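Note that my numbering numbers the sequence shown so that position 106 is 106, with each residue one more than the last.
The hints are simulated quantities; they were obtained by calculation from the structure and are not laboratory data. Computed from a prediction, not measured in an experiment: that's the story for all the values here. Just to be clear, a hint being listed does not mean it is correct.
Claimed, not checked - Below are the SDA-like pairs computed for lysine to any residue, each with C-alpha atoms no more than 20 Å apart in a straight line:
(1) Lys-90 to Ser-79
(2) Lys-129 to Asp-111
(3) Lys-110 to Thr-91
(4) Lys-129 to Gly-112
(5) Lys-110 to Gly-133
(6) Lys-129 to Ala-51
(7) Lys-90 to Gln-38
(8) Lys-90 to Lys-110
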Amino acid sequence: MTIRNRKPLIALIVAAGSVFALPAMAQSSAQQSAAQAQNQAAQAQEAAAQAGQAADSAAGAAAQASQQANGGGGQTWASVDTDGNGTISKTEAQVNAGLAQVFDQADTNKDGELSADEYKAYVVAQQGKAASGSGAQPGN
1 MTIRNRKPLI
11 ALIVAAGSVF
21 ALPAMAQSSA
31 QQSAAQAQNQ
41 AAQAQEAAAQ
51 AGQAADSAAG
61 AAAQASQQAN
71 GGGGQTWASV
81 DTDGNGTISK
91 TEAQVNAGLA
101 QVFDQADTNK
111 DGELSADEYK
121 AYVVAQQGKA
131 ASGSGAQPGN
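Sequences are here, hints too, so could you generate the full structure?
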């Protein structure tokens with residue numbers, strides 16, 4: 001074989017090698033995309049699990065508040081309403097730590113007195129938030 005014959009042969013081998021290498025590079029890119037998609041799916045599942053835990057926590061807090069509103073924990077509305085006027089003032093609410101924390105949120109008319117209707121509406125709203133949060137689908 002002469003030098004003249006070798007150059008085209010070498011060029012042909014190099015060209016054929018690069019043609020065969022392209023699909024291998026494309027597969028590598030596809031594998032990276034698949035791995036990235038799997039990572040994103042795992043992150044979405046983790047986020048959904050955290051959201052579920054938060055919803056469970058909120059549901060538990062709402063259930064505890066509801067239990068307290070219905071006389072749970074040994075306290076009734078009448079026992080907290082020490083002056084007997086049918087509403088609970090911010091001062092009266094201090095005997096129940098949970099009620100004291102949510103007093104300003106539950107007092108919708110901001111008159112400094114919490115009526116039974118205001119408190120019931122607050123509990124229903126909190127239960128609605130907890131129920132809608134626990135029914136959420138991942139990715140929605």
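Checked hints:
no., hint, result
1, Lys-90 to Ser-79, "holds (14 Å)"
2, Lys-129 to Asp-111, "violated (25 Å)"
3, Lys-110 to Thr-91, "holds (14 Å)"
4, Lys-129 to Gly-112, "violated (25 Å)"
5, Lys-110 to Gly-133, "violated (27 Å)"
6, Lys-129 to Ala-51, "holds (13 Å)"
7, Lys-90 to Gln-38, "violated (52 Å)"
8, Lys-90 to Lys-110, "holds (11 Å)"
In summary, the structure is inconsistent with hints 2, 4, 5, 7 from the numbered list given earlier, while agreeing with the others.
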